[in-house]
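Starting from the known structure of chain A, arrange chain B on it as the hints suggest.
Protein chains in written order, with this note's numbering: chain A, 631 to 808; chain B, 12 to 197.
Please keep in mind that the hints were generated in silico from the structure rather than gathered at the bench.
One-sided excerpt, in silico: chain B residues whose CB lies under 7 Å from chain A: (1) 59; (2) 66; (3) 69; (4) 78; (5) 82; (6) 86; (7) 89.
Remember, predicted model here, so these are calculated numbers, not experimental data. Heads up, the beta-carbon is just placed ideally off N, CA and C, and yes, glycines get one too.
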Amino acid sequence: MIDAMFDDLKRMNKRQFLYQVLSFGMIVSSALMIWKGLMVFTGSESPIVVVLSGSMEPAFFRGDLLFLTNYEEDPIRVGEIVVFKVEGRDIPIVHRVLKLHERENGTAKFLTKGDNNSVDDRGLYAPGQLWLAKKDVVGRARGLLPYVGMVTIYMNEYPKVKYALLAGLAGYVLIHRE
Amino acid sequence: MTDEKTKVNKWDGSAVKNALDDAVRDILVKKLNYEENFALVDGRLGICSIAVGIAMFALLWDYIHPFPASKPVLLLCVSFYFVMMGVLTFYTAYMEKGIFAVVVHKDPAGIDPEVTWEASSYMKRFDDIFQLTLSCTKSRDGKVKTATFEKSVACFMDTEGNLLQDLLEPEVLKLHTNIVSGKKEK
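Here chain A stands alone, though its shape is the one from the complex (with noise of 0.2 Å):
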């Protein structure tokens, strides 16, 4: 079977590899394009989110997908989950917004603690950093699909699986013809 699928790799000329190798760019494109749309969207910089710990039980659990959005006109409410980053860390937490100051001109600064934490944020912020601003909020949640995220969680934990799967993909697509 594998000496078949060669076989017609061989048998290609110049402009059909041409045209599997921009098949393969057109599906990394078409997904590229997607997410990025996505972002432009929901004015998120990352519309989709996988819950990584169990911090927000039991509203949330780890594997769980979250959908987000980042709409300047939404102020921030006390009570609401947010998801934010700490700067000079990639990963985003999901918790629960505590205390929030907020100036007539619509600056603010807010605590955040997860649900089911037993001490706020301040831990998980950068040293000396006491509050989190708007621009550390990555979006608000809208809307969940429970353990969908396992998939992405297993793949970041094995990345020799990642790779391999990848690989295998970009293979078929390059060799498998139309």
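Here is chain B on its own, set in the frame of chain A:
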């Protein structure tokens, strides 16, 4: 004539169709000595390249100017990309229409006008009937003559999955002769 045996997985419909298309193209180019015209395929390659180029540009721009700043450019790129997708779909459906080879017969003496031949094929999913259509357009009058045959792929392949070019050739040449003699009658 190449003696290489083309072997495909006989149960894979699209591989069989591709093998048959390749063989027909071979016959048109090598046996009948026509020149292949790549304009149609190049058009599709061009559209795909533009689309991928737009996506890569968007990626690069977003990398250099991180998100909120890149919003308008990203919006533009995403819209252009999906427009290109629409163009590609239109192109494949209306201009390509199953045509897999375009060949041109140029008269070496330069007297007769160019004759363009187009070969297109169709095979329904999970069906074994292969439909091949040859159409001939004389560049001067623009009149189009077509000839078609529909045969089961079993007529051209053996049980191992080898494509038997010797069985395909006479069928293709028959279509070709049909059209050529039909023209002369007029």
